[in-house]
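I would like the entire structure built from these sequences, with the hints used as guidance.
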Amino acid sequence: MVKFTHKKRDSFRLDITPLINIVFLLLIFFMLTSSSANQGLEVELPDSATAEKINSQEIALTIGKEGELLLESEKVTMEELSGKIKTLLDENGRDALIIQGDQNIEFGLFGEVLDLAREGGVVKFLIATNHPDDNVASPES
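According to my numbering, the stretch in the sequence shown is residues 1 to 141, in order.
Treat each hint with caution, since some may be false.
Stated by the list, open to error - Cut-off 30 Å, straight-line C-alpha distance, at most; resulting in silico cross-link-like pairs (BS3-like, lysine-lysine): (1) 75 x 65; (2) 75 x 124; (3) 65 x 86.
Stated by the list, open to error - Computed beta-carbon distance windows for the label pairs: (4) 86 x 14: 55 to 61 Å; (5) 77 x 24: 39 to 45 Å; (6) 15 x 79: 54 to 60 Å; (7) 68 x 19: 41 to 47 Å; (8) 34 x 87: 22 to 28 Å; (9) 4 x 33: 55 to 61 Å.
Treat the hints as calculated values from the structure; they're not laboratory data.
By construction, the Cβ of each residue, glycine as well, lies at the ideal position given by its N, Cα and C atoms.
Take a look at the structure:
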């Protein structure tokens, strides 16, 4: 009878510490990039007792306290505004613009923005306001 000698096997261990490190690094990266991607302007909207809630997907323009302009979450200058609005209108086939203007902006700036938007092809304007009942921003036409 033949006796076979078996070599004793070393137990197999999978070290997952590097994998966990990579997963945590990716988690931190995506958390930081997602929080910085959607930064807007702090805008204090005017109050309105007759505001209506509108659930439409129109082009959004935000005017900050210092005259900063944000068109669809992208900073624009006054010189670029008309052209960028025209491009967005052509791409999406929409003709309305929701203006979220701070209640403390100068009226001259507001009029200038309206003129530039009309040059860009906007036909309808919606002005975002706060409704006093629920303090939620809602566009008013």
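Inset, instruction - Enumerate the violated hints, using their earlier numbering and listing them in ascending order. - result: none
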